[in-house]
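J.: Each chain, written out:
There are 2 protein chains.
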Amino acid sequence: MASRRHRLLVASNRGPVTFSEGDDGDFIVRRGGGGLVTALGALAKLHDVTWVSHALGEGDVAMRDSVGGAAFDEQARGGGSYRLRIVGQPDRTYDGYYLEIANPLLWFLQHRLFGFGWHPSITRSTHAAWRSYQRINERIAAALFEELVLTGAEAGERQIVMVHDYHLFLVPGLVRDRARAAQRAVPFIQFFLHIPWPDPGAWRALPRPWIKEICTSLLACEVLGFQTTADAEAFQRTVQHFLGASVDLRRGEVRYLGRVTRVRAYPISVAVDGFEEHATSRSVQRLRERIAAMRPEGPDGRLIVRVDRTDPSKNIVRGFEAYRLLLTEHPELHGKVAMFCQLDPSRQDIAEYVDYLAQVRSAAKTLNQRFGTEDWTPVHVNLDSNFQAGVAAYLEYDVLFVNPVADGMNLVSKEGPLVNARDGVVVLSDQTGSFNELGPYVIPVNPFDITQQAEALLEALLMPLDERAERAEALRRQVRDHDVTGWMDAQLADIVHLQTRAARAAQESVEAP
Amino acid sequence: MASRRHRLLVASNRGPVTFSEGDDGDFIVRRGGGGLVTALGALAKLHDVTWVSHALGEGDVAMRDSVGGAAFDEQARGGGSYRLRIVGQPDRTYDGYYLEIANPLLWFLQHRLFGFGWHPSITRSTHAAWRSYQRINERIAAALFEELVLTGAEAGERQIVMVHDYHLFLVPGLVRDRARAAQRAVPFIQFFLHIPWPDPGAWRALPRPWIKEICTSLLACEVLGFQTTADAEAFQRTVQHFLGASVDLRRGEVRYLGRVTRVRAYPISVAVDGFEEHATSRSVQRLRERIAAMRPEGPDGRLIVRVDRTDPSKNIVRGFEAYRLLLTEHPELHGKVAMFCQLDPSRQDIAEYVDYLAQVRSAAKTLNQRFGTEDWTPVHVNLDSNFQAGVAAYLEYDVLFVNPVADGMNLVSKEGPLVNARDGVVVLSDQTGSFNELGPYVIPVNPFDITQQAEALLEALLMPLDERAERAEALRRQVRDHDVTGWMDAQLADIVHLQTRAARAAQESVEAP
Chain A
0 MASRRHRLLV ASNRGPVTFS EGDDGDFIVR RGGGGLVTAL GALAKLHDVT
50 WVSHALGEGD VAMRDSVGGA AFDEQARGGG SYRLRIVGQP DRTYDGYYLE
100 IANPLLWFLQ HRLFGFGWHP SITRSTHAAW RSYQRINERI AAALFEELVL
150 TGAEAGERQI VMVHDYHLFL VPGLVRDRAR AAQRAVPFIQ FFLHIPWPDP
200 GAWRALPRPW IKEICTSLLA CEVLGFQTTA DAEAFQRTVQ HFLGASVDLR
250 RGEVRYLGRV TRVRAYPISV AVDGFEEHAT SRSVQRLRER IAAMRPEGPD
300 GRLIVRVDRT DPSKNIVRGF EAYRLLLTEH PELHGKVAMF CQLDPSRQDI
350 AEYVDYLAQV RSAAKTLNQR FGTEDWTPVH VNLDSNFQAG VAAYLEYDVL
400 FVNPVADGMN LVSKEGPLVN ARDGVVVLSD QTGSFNELGP YVIPVNPFDI
450 TQQAEALLEA LLMPLDERAE RAEALRRQVR DHDVTGWMDA QLADIVHLQT
500 RAARAAQESV EAP
Chain B
0 MASRRHRLLV ASNRGPVTFS EGDDGDFIVR RGGGGLVTAL GALAKLHDVT
50 WVSHALGEGD VAMRDSVGGA AFDEQARGGG SYRLRIVGQP DRTYDGYYLE
100 IANPLLWFLQ HRLFGFGWHP SITRSTHAAW RSYQRINERI AAALFEELVL
150 TGAEAGERQI VMVHDYHLFL VPGLVRDRAR AAQRAVPFIQ FFLHIPWPDP
200 GAWRALPRPW IKEICTSLLA CEVLGFQTTA DAEAFQRTVQ HFLGASVDLR
250 RGEVRYLGRV TRVRAYPISV AVDGFEEHAT SRSVQRLRER IAAMRPEGPD
300 GRLIVRVDRT DPSKNIVRGF EAYRLLLTEH PELHGKVAMF CQLDPSRQDI
350 AEYVDYLAQV RSAAKTLNQR FGTEDWTPVH VNLDSNFQAG VAAYLEYDVL
400 FVNPVADGMN LVSKEGPLVN ARDGVVVLSD QTGSFNELGP YVIPVNPFDI
450 TQQAEALLEA LLMPLDERAE RAEALRRQVR DHDVTGWMDA QLADIVHLQT
500 RAARAAQESV EAP
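Quick mapping for you: the protein sequence lines, in order, are chains A and B.
For the first sequence, numbering that gives the first Met the number 0 begins at 0 and goes up steadily by one.
For the second sequence, numbering that gives the first Met the number 0 begins at 0 and goes up steadily by one.
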C-alpha cells in the first residue's frame with residue numbers, strides 16, 4: 000500500500016450517503032452499504048478524499064442548497080472523514096440520462112439483454128436523452144474540476160481522479176478537456192467499470208458517434224479498471240474496432256492519439272469484517288428464524304435461497320423453470336425442499352422492469368399452484384428491498400442459487416458463503432465475474448440451460464455433508480483472503496507505481512544533457 | 000482458375016433442385032436460383048461434381064427411392080451435368096434439426112436476435128433436438144463418405160469436399176472421423192458459412208459441449224470460408240476462447256491438435272449474366288408495370304422498394320418506423336412518395352416468425368391508416384414468395400431500402416443495382432456483409448437508429464440526378480466485376496494452391512535423405 004497521503008477525487012452517480020429532511024429541519028443521513036462505499040471508507044482514513052456525486056432526491060438537493068452547493072465534511076463508515084460534493088438535481092435532464100440512457104440502454108446492452116431484431120430502437124427521444132447523458136456527465140466533470148482547483152496540488156504531486164461506472168463514461172474526457180482549456184496539469188484519471196464490457200458486436204446497436212465518444216473519453220484515463228480480464232480484453236477489442244486504437248492484449252496497453260492507457264482487472268469484493276458483523280445483528284437474527292421456518296422439517300429438509308434485484312440479467316424466471324423441472328422429475332423431493340427468494344423490486348420506473356417483475360410473480364405463482372399442498376409451499380417470494388432479510392437468508396441456505404445470464408461480479412455469491420452457517424452449496428452461473436474466483440468450489444451452471452440447472456440443483460441438494468463442508472470452507476477462505484480493501488489497494492498501488500515511473504522518467508529527461 | 004479437372008463433393012441442407020411427382024408418374028424438376036446453385040452450375044462444366052443434400056419433401060423422397068437411394072445424373076443451370084444424391088426424409092429427426100436447432104436457435108444466435116434475459120432457453124426438448132441435429136449431420140456425412148469411396152481418387156489426387164452453412168456444422172468432423180476409421184486418406188475438406196459468425200460472447204447461450212463440437216468439427220477443415228474478414232476474425236476468437244486453439248489473425252491460421260486450418264473471407268455474389276437475363280423476361284416486365292403504377296404521378300413521384308424475407312434480422316418493422324417518422328416530419332412528401340415491399344413470408348412453421356409477420360402486417364396497416372388518403376397509399380405490401388415480383392421491383396426503385404440488423408452478405412443490395420433502370424439510390428445497413436464492398440456508393444444506415452434511417456431516406460429521395468447516376472453506375476460496376484463465379488474461383492484457387500504446396504512438401508520429404 001502507498002504510505003504517502005494522496006488527494007483523491009472520486010465521482011459516481013450515487014453518493015455514499017443520501018439525505019432526508021427531518022421534522023426539525025435537521026438532515027437525516029443514510030449511509031450506503033455497498034462495496035465501493037465501504038472501500039472508500041477505509042480509504043478516507045489514509046487519504047484526503049473528495050467525493051462528487053449526483054443529487055438523487057429532494058433531501059440531497061436541500062442538503063446541497065444548505066451548503067451553497069459546496070463540498071462539506073462527512074463521516075465515512077469505519078471512522079474516517081471525507082468531503083462530499085452533491086451536484087445537480089433530479090430533473091428531466093437527469094431522467095433522460097438515467098432512465099433512458101444509463102438504464103436501460105447501456106445496462107441492457109452491456110448485459111446482452113437486447114434481442115436485436117426488436118430492441119433497442121434509437122429514436123428522436125433517445126437522441127435527446129443522449130444529450131441529457133452528456134449534460135449530466137458535464138455537471139459531474141465541472142464539479143470535479145472545481146474541486147481539483149480548490150484542493151490544489153503540492154509541488155511534484157499529481158492529483159488523482161477516480162471515476163465510477165457506466166453512468167459517467169464521458170467524465171474522464173471532459174475532465175481532461177477542462178484541465179487543458181484552463182492550461183492546468185491534467186490529473187491522473189482512473190476509471191472503474193462495475194458491470195460487464197461486452198464484445199464489439201454488442202456495441203453496434205448504438206450510433207457510431209456515441210460509441211466513439213465513450214471510447215475516446217475512457218482513453219483519456221491513465222488506467223482503466225474492469226471486473227475481469229475478459230471484460231478488459233473486450234474493451235481493448237472494442238477500441239481497436241471502433242477507434243482503430245492500437246492494443247497490446249498481453250500487456251494490457253492501448254495506444255491512441257499518442258497516449259497510453261493501461262487496462263487492468265480488479266475484481267471487486269465484500270467488506271468482510273463489516274459484513275460478518277452485520278450478520279450477527281439482532282434484526283438479522285430475528286429474520287433468520289422466520290426464514291429457517293420455511294425449510295421443510297426433518298433431516299432431509301433443504302432450503303434453496305436466491306437473493307437478487309428483479310433484473311432480467313439476474314435470470315429469475317429461468318431459475319424457476321429449472322426448479323419446476325426438478326420438482327417434475329423428482330417427486331421424492333416434494334415436501335422436502337423449499338425455495339426462498341429475497342427479491343428487491345428494481346427500477347420500477349422503467350417499463351421493461353415492471354414487465355419482468357410481473358413475469359417473476361407469475362412464474363412463482365404457477366409453481367406453487369402446480370406443486371403446492373396444504374403443508375408445503377415450494378416457493379416463498381419476499382418482494383422488498385430488505386437488505387437484512389437477504390443477509391438472514393445467507394445464514395440459512397443449504398443451496399444458494401445464483402444464475403445470472405451476465406454479471407460484472409455478483410457479490411451475492413461472495414457474501415453468502417462468507418456468513419452461511421450450514422455449509423451450504425453454491426450453484427453459480429459461469430457468466431458471473433465471481434466465477435473466475437469461486438469456480439472450483441461451486442456447482443457451475445449455464446444460465447440458459449434449464450435442464451443443466453435442474454441437474455445442478457439436484458446435485459447440490461444431494462451433496463454429502465463432508466463435501467459441502469470442504470467447499471464451504473474453501474469459498475469462505477477465498478472471500479476472506481480477497482476483501483474489498485484489497486480491491487482498492489491494488490488500484491492505488493498501480494496508480495502510485497505509474498506515477499513514480501512517470502516522475503522518474505521526467506526527472507531523467509531533466510537530468511539528461 | 001484451376002485448369003485440371005477435380006472431383007468435388009458438395010454438401011448442403013437444401014439441394015440445387017426439388018422434385019415433385021407429376022400425374023403421369025414422371026418427376027417434375029424445379030431448379031433453384033440461388034448463388035450457390037448458379038456457381039456450382041458453372042463448376043459442373045469444368046469438374047466432376049457430386050452434390051449431397053437432404054430430402055425436403057415427398058417428391059424428393061420418391062425421387063430418391065426411384066433410384067434406390069443412389070446418386071443420379073442431373074443437369075445444372077448453364078448446361079453442365081453433375082451427380083445428385085438425396086439423403087434421408089423429412090421426419091421428426093429432421094424437424095428437430097431444422098425447426099429447433101438450425102432455425103431458430105443457430106440462426107437467431109448468429110444474427111444476435113436473442114435478448115439473453117428471456118431467450119434462448121435450453122430445455123430437455125432442445126437437448127433432444129441437438130441429438131437430431133447430430134443425426135442429420137451424420138446422415139449427410141455418411142452419404143458424403145460413401146460417395147467419396149464410390150468416386151474414388153486417382154493416384155496423387157486428394158478428393159475435395161465442400162460443406163455449406165450452419166445446418167451442417169458437424170459434417171467436416173464426421174467425414175474426417177469416418178475416413179480415419181476406414182483407414183482411408185482424409186479428403187481435403189472446405190466449409191463455407193453463408194451467415195454471420197458472431198463474437199464469442201454471443202455463443203455463450205449454447206451448452207459448452209455443443210460449442211466445442213461445432214468448433215472442433217470446423218477445425219477438421221483445411222480451409223474455412225466466411226463472408227467477411229470480421230466473421231473470420233470472430234470465428235478465430237471463438238475457437239481461441241472455447242477450445243484454447245492458437246490463432247494467427249494476421250495470417251488467418253488456426254492451430255489446434257497439431258493441425259492448421261486456414262480461415263478466409265470469400266464474399267458471395269450474384270450470377271450476373273443469368274440475373275440480367277432474368278430481368279428482361281416477359282413475366283418480370285408484366286409485373287414491372289404494376290409496380291411502376293404504385294409510384295405517385297408527376298416528376299417528383301418516387302418509389303421506395305424493399306425486397307426481403309419476413310425475418311426479424313431483416314428489420315422490416317424498424318424500417319416502417321423510419322418511414323413513418325419521415326412522413327410525420329415531412330408532410331411535403333405526402334402523395335409524392337410510396338413504398339413497395341415484396342416480402343416472402345419466411346419459416347411460418349416457427350412461432351417467432353409467425354409473430355414477426357404479424358408485427359410487419361400491423362405496422363404497415365397502421366402506417367396506411369395514419370397517412371393514407373383516397374388517392375395515395377403510402378405502403379404497398381406484397382406478401383408472397385414471388386421472386387419475379389422482387390426482380391420487377393428492382394427495376395423500378397428510386398430508393399432501395401436494405402436495413403438488416405445483421406446479414407452475412409445480403410444479395411438484395413447487389414441484385415438491385417445490377418438491374419435497376421432508374422439510377423436508383425441504395426440505402427444500406429452497415430451491418431451487412433455487402434456494406435464492405437458497396438459502402439462508398441450507398442447511403443449508410445445504422446439499422447437500430449430510426450432517426451438516422453429517416454434522414455437517410457430523405458437524403459436518398461432528394462439526391463440530384465447526376466449524383467444518383469454516378470453512384471448507380473459505380474454500384475453496377477462493382478457487382479459486375481465481382482460475379483459469383485469469382486467467389487467460387489477464389490475458393491478453388493486456394494484449394495489448389497494448398498494442395499500443390501502440400502504435395503510439394505510430401506515430395507520433398509520423400510526425396511530427403
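The hints are simulated quantities; they were obtained by calculation from the structure and are not laboratory data.
The beta carbon of each residue, even a glycine, is placed where N, CA and C say it ideally should be.
Check the hints yourself; a few may be wrong.
[Said to hold, decoys possible] Simulated restraints on C-beta separations:
hint : chain 1 : residue 1 : chain 2 : residue 2 : range
1    : B       : Q368      : A       : R360      : 34 to 44 Å
2    : B       : R285      : A       : R360      : 55 to 65 Å
3    : B       : D354      : A       : R479      : 46 to 56 Å
4    : A       : E328      : B       : R134      : 35 to 45 Å
5    : B       : P208      : A       : R479      : 26 to 36 Å
6    : A       : P344      : B       : Q368      : 32 to 42 Å
[Claimed, not checked] Not everything, but these chain A residues come out facing chain B in the computed CB check (under 10 Å):
hint : residue
7    : R3
8    : G21
9    : T122
10   : P197
11   : E328
12   : P330
13   : V404
J.: Going through the numbered hints above, which ones does this structure break? Give me the numbers in ascending order.
T.: 4, 7, 8, 12
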